[in-house]
Structure formats: structure tokens, C-alpha cells
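We have chain G already, so just place chain E on it with the hints.
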Amino acid sequence: MAGTLAEKVWDAHVVRRAEGEPDLLYIDLHLLHEVTSPQAFDGLRLAGRPVRRPDLTLATEDHNVPTTPGPITDPVSKIQVETLRRNCEEFGLRLYPMGDVDQGIVHVVGPQLGLTQPGMTVVCGDSHTSTHGAFGALAFGIGTSEVEHVLATQSLSLRPFRTLAVNVVGRLHEGVTAKDVVLAVIAKIGTGGGQGYVFEYRGEAIEALSMEARMTVCNMSIEAGARAGMIAPDQTTFDYLKGRPHAPQGADWDAAVAEWTALRSDDDAEFDEQVELDASDLTPFVTWGTNPGQGLPLSDSVPDPESFADESDRVSAANALAYMDLEPGTKLRDIRVDTVFVGSCTNGRIEDLRAAAAVVKGHQVAKSVRMLVVPGSARVRLQAEAEGLDAVFTAAGAEWRLPGCSMCLGMNPDTLSPGERSASTSNRNFEGRQGKGGRTHLVSPLVAAATAIRGTLSSPADLAGLETSITAQEA
Amino acid sequence: MDKFKTHTGVGVPLRRSNVDTDQIIPAEYLKRVTRTGFEDGLFAAWRKDESFVLNNPVYAAGSVLVAGPDFGTGSSREHAVWALMNYGFRVVISSRFADIFRGNSGKAGLLTAIVSQDDVELIWKFLDNNPGAEITVDLLARTVRAGEIVAPFEIDDYTRWRLLEGLDDIGLTLRHEQEVTEFEKGRPSHKPVTTLA
Numbered sequence: 001m002a003g004t005l006a007e008k009v010w011d012a013h014v015v016r017r018a019e020g021e022p023d024l025l026y027i028d029l030h031l032l033h034e035v036t037s038p039q040a041f042d043g044l045r046l047a048g049r050p051v052r053r054p055d056l057t058l059a060t061e062d063h064n065v066p067t068t069p070g071p072i073t074d075p076v077s078k079i080q081v082e083t084l085r086r087n088c089e090e091f092g093l094r095l096y097p098m099g100d101v102d103q104g105i106v107h108v109v110g111p112q113l114g115l116t117q118p119g120m121t122v123v124c125g126d127s128h129t130s131t132h133g134a135f136g137a138l139a140f141g142i143g144t145s146e147v148e149h150v151l152a153t154q155s156l157s158l159r160p161f162r163t164l165a166v167n168v169v170g171r172l173h174e175g176v177t178a179k180d181v182v183l184a185v186i187a188k189i190g191t192g193g194g195q196g197y198v199f200e201y202r203g204e205a206i207e208a209l210s211m212e213a214r215m216t217v218c219n220m221s222i223e224a225g226a227r228a229g230m231i232a233p234d235q236t237t238f239d240y241l242k243g244r245p246h247a248p249q250g251a252d253w254d255a256a257v258a259e260w261t262a263l264r265s266d267d268d269a270e271f272d273e274q275v276e277l278d279a280s281d282l283t284p285f286v287t288w289g290t291n292p293g294q295g296l297p298l299s300d301s302v303p304d305p306e307s308f309a310d311e312s313d314r315v316s317a318a319n320a321l322a323y324m325d326l327e328p329g330t331k332l333r334d335i336r337v338d339t340v341f342v343g344s345c346t347n348g349r350i351e352d353l354r355a356a357a358a359v360v361k362g363h364q365v366a367k368s369v370r371m372l373v374v375p376g377s378a379r380v381r382l383q384a385e386a387e388g389l390d391a392v393f394t395a396a397g398a399e400w401r402l403p404g405c406s407m408c409l410g411m412n413p414d415t416l417s418p419g420e421r422s423a424s425t426s427n428r429n430f431e432g433r434q435g436k437g438g439r440t441h442l443v444s445p446l447v448a449a450a451t452a453i454r455g456t457l458s459s460p461a462d463l464a465g466l467e468t469s470i471t472a473q474e475a
Numbered sequence: 476m477d478k479f480k481t482h483t484g485v486g487v488p489l490r491r492s493n494v495d496t497d498q499i500i501p502a503e504y505l506k507r508v509t510r511t512g513f514e515d516g517l518f519a520a521w522r523k524d525e526s527f528v529l530n531n532p533v534y535a536a537g538s539v540l541v542a543g544p545d546f547g548t549g550s551s552r553e554h555a556v557w558a559l560m561n562y563g564f565r566v567v568i569s570s571r572f573a574d575i576f577r578g579n580s581g582k583a584g585l586l587t588a589i590v591s592q593d594d595v596e597l598i599w600k601f602l603d604n605n606p607g608a609e610i611t612v613d614l615l616a617r618t619v620r621a622g623e624i625v626a627p628f629e630i631d632d633y634t635r636w637r638l639l640e641g642l643d644d645i646g647l648t649l650r651h652e653q654e655v656t657e658f659e660k661g662r663p664s665h666k667p668v669t670t671l672a
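Heads up: the protein sequence lines correspond to chains G and E, in order.
For reference, each letter of the first sequence is one residue, going 1 to 475 in our numbering.
For reference, each letter of the second sequence is one residue, going 476 to 672 in our numbering.
Among these hints, one or two may not hold up.
[To be verified] Heads up, simulated DSS-like pairs for lysine-lysine below, C-alpha to C-alpha not over 30 Å straight-line:
#1 E/523 <-> G/436
#2 G/8 <-> E/523
#3 E/523 <-> E/600
#4 G/242 <-> E/660
#5 G/436 <-> G/367
#6 E/478 <-> G/78
#7 G/8 <-> E/666
#8 G/242 <-> G/331
#9 G/188 <-> G/242
#10 G/242 <-> E/666
Bear in mind the hints are in silico, worked out from the structure with no lab data behind them.
Chain G on its own, in the form it takes in the complex (with noise of 0.2 Å):
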């Protein structure tokens, strides 16, 4: 029978099927970070049950880390992050701790080191798991129980996710970007409308995106409701993969990339719902509101809360204006910021911080604006520093910062004040999500780094101007 790449990937995974019940699903891979945890392995002491499979089981630092150099100083978050080391030590776990060269984002580590590959079960007590899917992984956010479950046997209870093909056709503009397309999809479905659902991201603008891109689109599926997102690998996929460390080697590579080749739905397979997005159509795109449904083309203005034809998207988008302390009709072009931060396991990849780098070399941070940059991992800094970046924006006035997941939400050292506002590449622009009172409107970073140049959110093109400007001055 015809079947999706996210069905496939399901029947290769079960283990047991009976009626009545849920599948029993096998699980190839399981990150673990110090928040979701801890009550996790407390299960497992006292049940007196080991961790099944170490080997496929990896954790890191990243939620409570601080971004700048020296130990951590809130003593809560330094119980959780040692926690999790006693817990690694006591179960046999490999962890990368902070100041290792492999620790990072949860989500930046596994790729990079190549543990996750197409066609596998990718799970971590985390949402943005969704980010590996790009990989052609079944890869999905679980709860503490759920992570319990899995240290214990490696296998997840679950139900069958129905499936939902998102279309991109078309070519996406220069200076439009992976993050445009999908805040730009998750404004068309709705932060509801994935529920229940795995996305498979597919048009011939998704095939043009490179991995990393591709991994900011899957990352924010979640922000949809979708459980997961999966892109069909190909040849960008293998290309990333070859060579890497945990990647298959010799004959084994050969058998994987086979395997792999096959892992793409099938032509006359049916997704329960389709939705189609023209790339061509798309401009830089931007939130406005406290959830990332509620997002426009910066070239738009701040909507008017009684032009939404749904009582409950009307009296949303009224909270979230008063949040976010915007009127109707203010061109989102004339919002000012004061903070931009580029990270996050979203946007935190070395490709997002070149594309942010390229736009802010030869500029100034504006004097109102503190713009930080935190890479996603140890290795995407050191990768960074080798081809200069860190000195493009230190140059420019940023501040450059060790890996974590910073600011993306209020958990470690990098929030937002009450009543502060942020461009931020990160994923969620939900109340307070970066700190007590913050504002955050949710942009990409090449949107991230011109509007820590203009000091209202902004775009690349927007700069031309002001580029005269400044020559004219020194002339």
C-alpha cells in the first residue's frame, strides 16, 4: 500500500500492535537536557530500573547555562544542572557539560555530530525536537513521564499521528528565508490547526533549502500544533551527513545512503490534509502578537483586533496588543526595539549567524539596541570565531556570547525586562517567554540583524538607505 515518508518511518518502528491498544514504538535516539529529567531518573530510582539502552541515549547543557564565561551562579539552576551530571554518572549516560566542546543546544549537538539520521525515532523532553524531522526523522517533543518511559524501554506508547503535506511551490526570493517560510505557515494554520498532525514539508522551495535551513523550518512545526515535520532526504541530506562523526562509515554508509534513497512518500500516497504556500509570494515576515500565528509581512501594519472575522482571534489578538503595548495601524516597519537576539536552537546554526554577520558587517548597532549573538553550540562558535564572525559583530557593537539557549526563554541569565522589546530568531513570542513582561516579535536573522542596525524592525533592503547615509557623512 501506498504510504507517506512519516508513515513509513512509523511502520519500521513498531514493535508491538494490538487492538484497542496504542502501537508500541521503538525509539533510535533520545536527548535528554538537565528541566525535563531529573524527575525522570527520580522514577527510575524508585522503581529500581536501569536505563535500557545508554548507547542510544545522549544528554547536554543547554536550558540554564549562562552565556557568559564562569560558573553557574543561581543556585536552582545549578542544582538542576548537576542533577542531571549525578544522574548521567549513576545510569552510565554520556553527557556534554558545560565547557565541553560538543555541548550546546540540544537540538545544534545531535545534528552536527550526526546522530540523527534519516528514517529513525528521534525523541527529548523538548518540543523543538520537530528540529531533526528535517532530516527525514520521525522526530517529536515528549513530556517527563514519556522520557521515563523511554530510559526504561525504549519505546513510547503512541497513537498513529494522521499526516499533513505542506506545499511550498515556487522559489523563495532572495533575502526571504527558511524562517519566513514557516512563521508564514504557522499564520496560515493556526497555532491549533497541526494538532494531531505530522507535517512533511515538500515543493521545490523546500528541496532548494539547504539542511539548516531546513531545520528551522521543522523546528518550529510545534508552533503549529504539529507533533513533528519531516523533509524526504536527498542529496543535501546525505551531503550534510558524510563524514561526520556518528555518521555510517564504508560499507554501512553505503547500505544507509540505499536505505535512506527509498524514504520518501509515495506518489500516489494520501496525506489526511494538504496546504499550499507559493514561496514566490513570500516577503520577510514577522510576529506581532504573543502567539507565532500572529504574524504579517513587515511591509504590513499592526492589525486591527475587528477585522478578524472569529470572536476568538478578535478578543486574542486585543490581548495580545494590549501585551504587547502595539496600536492598530502602526506600520510594523516603525516598531522600535530594544533588544535583538540571535540563537536559539531555531536560528542558532552557523548559517544564521553568516547570514546575520554579512548584513551587520560595516554597520552600528544602534545606540539604543543591544543586539546579542549566541551560537548554538561550542563547535558553532569555534566555527564561527575561525571565519571571523565573532569580530564582524563585536565590531559592529554586538555582544558575543558562549552557547545555550540564552534568551530564547527566561530560564538562565539572558531575559527581557518588564516592557522591553526584542527581535528575536527564536521560536516563541508567547507572554513573558523571555522574560517577566518582555515583548518579543519573532523575525529571521537577517531580519534580526538589520533591525539591530536601523533600531526598528527591519530588513536587509532597508539598509540601502542608510548605508548612503552614513558614506555621505564621511565624505
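For chain E alone, coordinates are given in the frame of chain G:
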């Protein structure tokens, strides 16, 4: 996990849609390494507002939360479920729940009852007219009763059975451990391990 058959408790109307898990419990409260003590973080930002429903003493003993659609979106943090339960909630009623939140609830013993939005509106009205009134949630009959209102709710059979029996998921899976072992024998050799030499 405690068995869940029926629960009667004070209904709390939360007239908001898209209640994400960062609202249910902000990240700064996620640092505990236990499953208890999260009640102080529940709706922490909103509770600073005097007019927020949980600040009304009438709802002090609230245990059935009646919320707008798309409850529990965003982060996978099970702390959101623990915060609700630590505070005293046993049931959340909504017309639509985010997948991960609903899954986490089922594992931790919080009942998520899917009721149509029309019925949610009726229950909200009932609670507005009768603040502090009790709601009965009957998992056996799959109904929510509030005054004269009897609303059916959806929950999948398997989760219902586990809640009714108070069963531990891991214990259930370990009954099939042999099948997991058999499955592992057939895994391709090129699949990666995390323990590189």
C-alpha cells in the same frame, strides 16, 4: 497513579484561548528537580492581576478548570500538568488541547475532558451565574454535569482505561519487554550509537 472514576469540585472559568504552557508555568519556575511544589508557578504572571479568576476567593477550592480552545500549546514541559495538579486541579475542560499537554496529563493523572465549545460556553455562563458552583466529571459515563447541563466529553478508550485503573504505563510496556528485545535484533547495523569510542 491514583484511580480516577468521578470527580466533583468547584469549577473555575478561564475565558482565554491559546493558553500556552509558558502561561501555565513560566520557565523560571521549572528549575525544581521534584514533581511537587510547582503550584506557586501556576499562571504566575496572570495571578499578579487582582482580577484574575484564581484570585477570587470563591474559587479557592477550584479543582475543575474550564478553559477556552487550544489549551496547553507550546512547550512539552510536564511541569504544566504538575503545577495544575499541585494547585489542586483534577480536571481541565476545553474544546481542544495541544497534543503533548494532553499526553502528559494522561500519564500524570490529570483528566483532560474534550467538550464542545458550545458546551464550554454554557458551562461558563452557568459558573458566571453560580460562582463557586461544583461540577461533576464522570469518567465512566464520559459526562460533565454542571447544574442542569449534562455535556458529553471525549477521551480515547485507552487513556480512559488507564485512568480508571490507575495503571503505570512503564509497567504495562515492560510486560512486552521480550518483544522489544526481539525488535532490537532486527535493527540495521548502521544505526548510530551515542557511545563513540
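Broken hints, by number:
Violated hints: 2, 6, 8, 9; rest satisfied.
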